[in-house]
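J.: Here is how the chains run, residue by residue.
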Amino acid sequence: MDDISIRDYADTIIIHCTNGFLQLDAIQFMDVCRKLIPQKAIKSIIFDLFDITSCEIFSAGNLLQAVSHFTGLNIRTYLYQIPESCLCILQKTNLIDFFAILESEEDMLLLLPD
Amino acid sequence: MAYYLKHYFDPDFNYQQRAPVSTYGGSVAHRYLAYVQNVSMGQVLAEFVPIGDEDAPNPKYIMERPNFPAGPNCVPDPENPLRLLAEKNGYVFYLDGKICVKILLNVRQNIGIGTGNIFFVNDLNVHGGIHAGFSVTAKNIKVRDLIEGAFVRATETFFAQNGFNGAGKGFIHAGRSIRLAFCENGELAAKENILIDQSCLNSTLYGGKNIMIKGRLQGGTVYANRLVVVGERLGGNSTSPTRIFMGHDPFITRQIVEWEQEIDRLRQKHMTYSVEAAKGEFFQKQYGPKCAFILRKLQIIGEKRKQLWEKISAAQDFSQCRVAVPGEIRPGTEITIGPKSARITDYFSCMQFFLEGNEIVMRPLSREEATSLSRH
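These protein sequences, in sequence, are chains W and S. Per the working numbering, residue 1 is the first one in the first sequence, and the count goes up by one each step. Per the working numbering, residue 1 is the first one in the second sequence, and the count goes up by one each step.
Each hint should be verified, as a subset may be incorrect.
[What the hints assert, rightly or not] Computed cross-link-like contacts, DSS-like style, restricted to lysine-lysine with a CA-CA straight-line distance of at most 25 Å:
1. S:Lys191 x S:Lys60
2. S:Lys269 x W:Lys92
3. S:Lys311 x S:Lys290
4. S:Lys290 x S:Lys304
5. S:Lys102 x W:Lys92
6. S:Lys209 x S:Lys290
7. S:Lys285 x S:Lys311
8. S:Lys209 x S:Lys142
9. S:Lys191 x W:Lys92
10. W:Lys92 x S:Lys139
11. S:Lys60 x S:Lys102
12. S:Lys142 x S:Lys102
13. S:Lys142 x W:Lys92
14. S:Lys169 x S:Lys209
15. S:Lys290 x S:Lys279
[What the hints assert, rightly or not] Short derived list, chain W residues pointing at chain S, Cβ under 10 Å:
16. Ile89
17. Lys92
18. Thr93
19. Asn94
20. Asp114
These are computed hints drawn from the structure, not numbers from a lab. C-beta atoms are modelled at their ideal positions from N, C-alpha and C, and glycine is treated no differently.
Okay, chain W solo, but in the shape it has when bound (with noise of 0.2 Å):
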């Protein structure tokens, strides 16, 4: 889980996610989300995906899945700093749909608990 590193704030959570991450299995991914998250009454998590290359980006796949996952505990799921051609493949698979893009740090400060 070295690809993941997680800041926690009172009932946010922002999973920096690098290259690796979508590499991961998604069922080990859900799993350590699983344990990790509904310990708190998390109510946002923001993904960093500033590292993310396209090509993992079917990888969205495993992504979404993990999101379900917190979706169906009411979280609510941003995607932050995500690259344009990964940004174009979740847009053909309508994905996108199923998240909040963050465009600014601004966004992301005004989700962080105050």
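Since the structure of chain W is already known, use the hints to place chain S on it.
T.: Coordinates of chain S only, in the frame set by chain W:
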């Protein structure tokens, strides 16, 4: 050479054997039952790997030849024939020994404590209703029974044969259109049209294009940008004022309303923290940074709100805004088109309202128009 079929989903998943997930802290997430295994187009479902690569291979998936048990909507990866991909967004499961991806999810019961919240990447058909407090997200959603205080997001269209009782907190949002039998104490937001076959009571409606209510529109607020038709009766009594706002993008308006609520909340919190911080140095250390953070948030929101107002002022077109009521209109109703507002002070019937020059005018509907609107 023997191969092992490695799955990237749970091959033994059975939606009928759901259980709440226990968490790290020992509590249980009762509304999360993992009803469905989503997969997206292009996602790897399974892969043949040399048998030695697996730590604890399940004998069921050891094969002499790499032939995938592929069912509908599964294709081998053109770049790597040892991988099986999903051809469409949907849910994956084993059916008669084959890996299948289905694009329509049928939930043959109520969505509630028995199913948990549902998040699905394609179309969803709910054969029952949706219970209060549960959330459902999918592409196109059809619901047969009553929706009670639930949180529904359809990225395209939403259709309910029965109605929606929002209980003051529930909402239905759709990327395109919404159609349902009735709406009570809820919020509906559709980027295109909203059609309500019966009445709409004390609700908030946001329609990017047209809104049609065949029965009564009584109480609540309607934001729309083109045509609002109320078939039977517009307005109720003084205890439930009915307001219609037209001419501005309803979704920008909604965002502005949300920012304003957030500003109020932050100001109150800032006031509380400031009082605490003023109690002494110890408290200052604790609450000072919090106050500064809230002020930063207020600044960001203030700028965003200003940008939205500029956007809203730049795109003003009131020519298509019209409220048509083939039925009865009751006093107390407020109609706002762009910068102008009018309050109905008497009983009328079969009228239309639109902006002419700089005033909101009320004209009788012609018989043909009234008949045509009533027929729809």
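J.: With the threshold set at 25 Å, check whether the alpha-carbon distance from Lys191 (chain S) to Lys60 (chain S) stays at or below it.
T.: violated (49 Å)
J.: Going straight from one Cα to the other, do Lys60 (chain S) and Lys102 (chain S) come out at no more than 25 Å?
T.: holds (23 Å)
J.: Identify whether the interface hint at Lys92 (chain W) stands, where standing means a beta carbon of chain S within less than 10 Å of its own.
T.: Holds: closest Cβ of chain S sits about 8 Å from Lys92 (chain W), inside 10 Å.
J.: Interface hint check: Asp114 (chain W), Cβ to nearest Cβ on chain S, cutoff 10 Å. Holds or violated?
T.: Cβ of Asp114 (chain W) sits 6 Å from chain S, so the hint holds.
J.: Taking 25 Å as the top limit, are the C-alpha atoms of Lys209 (chain S) and Lys142 (chain S) close enough?
T.: Between Lys209 (chain S) and Lys142 (chain S) the Cα gap is close to 21 Å, so the pair holds against 25 Å.
J.: Could you grab the alpha-carbon distance between Lys290 (chain S) and Lys304 (chain S) and see if it respects the 25 Å cut-off?
T.: holds (21 Å)
J.: Regarding the pair Lys311 (chain S) and Lys290 (chain S), is the alpha-carbon distance no greater than 25 Å?
T.: At roughly 32 Å apart (the allowed maximum being 25 Å), Lys290 (chain S) and Lys311 (chain S) break the hint.
J.: Would the stated hint for Ile89 (chain W) survive a check requiring a Cβ distance to chain S of less than 10 Å?
T.: holds (8 Å)
J.: Between the alpha carbons of Lys290 (chain S) and Lys279 (chain S), is the straight-line distance 25 Å or under?
T.: Holds, at roughly 15 Å.
J.: Would the pair Lys142 (chain S) and Lys92 (chain W) pass a check requiring their Cα atoms to be no farther apart than 25 Å?
T.: Distance ~24 Å between Lys142 (chain S) and Lys92 (chain W) Cα, so the pair holds.
J.: Lys142 (chain S) and Lys102 (chain S): Cα distance at most 25 Å?
T.: Holds, at roughly 17 Å.
J.: Given the hint that Lys269 (chain S) pairs with Lys92 (chain W), test it: the Cα-Cα distance must not exceed 25 Å.
T.: violated (42 Å)
In summary, the structure is inconsistent with hints 1, 2, 3, 6 and 7 from the numbered list given earlier, while agreeing with the others.
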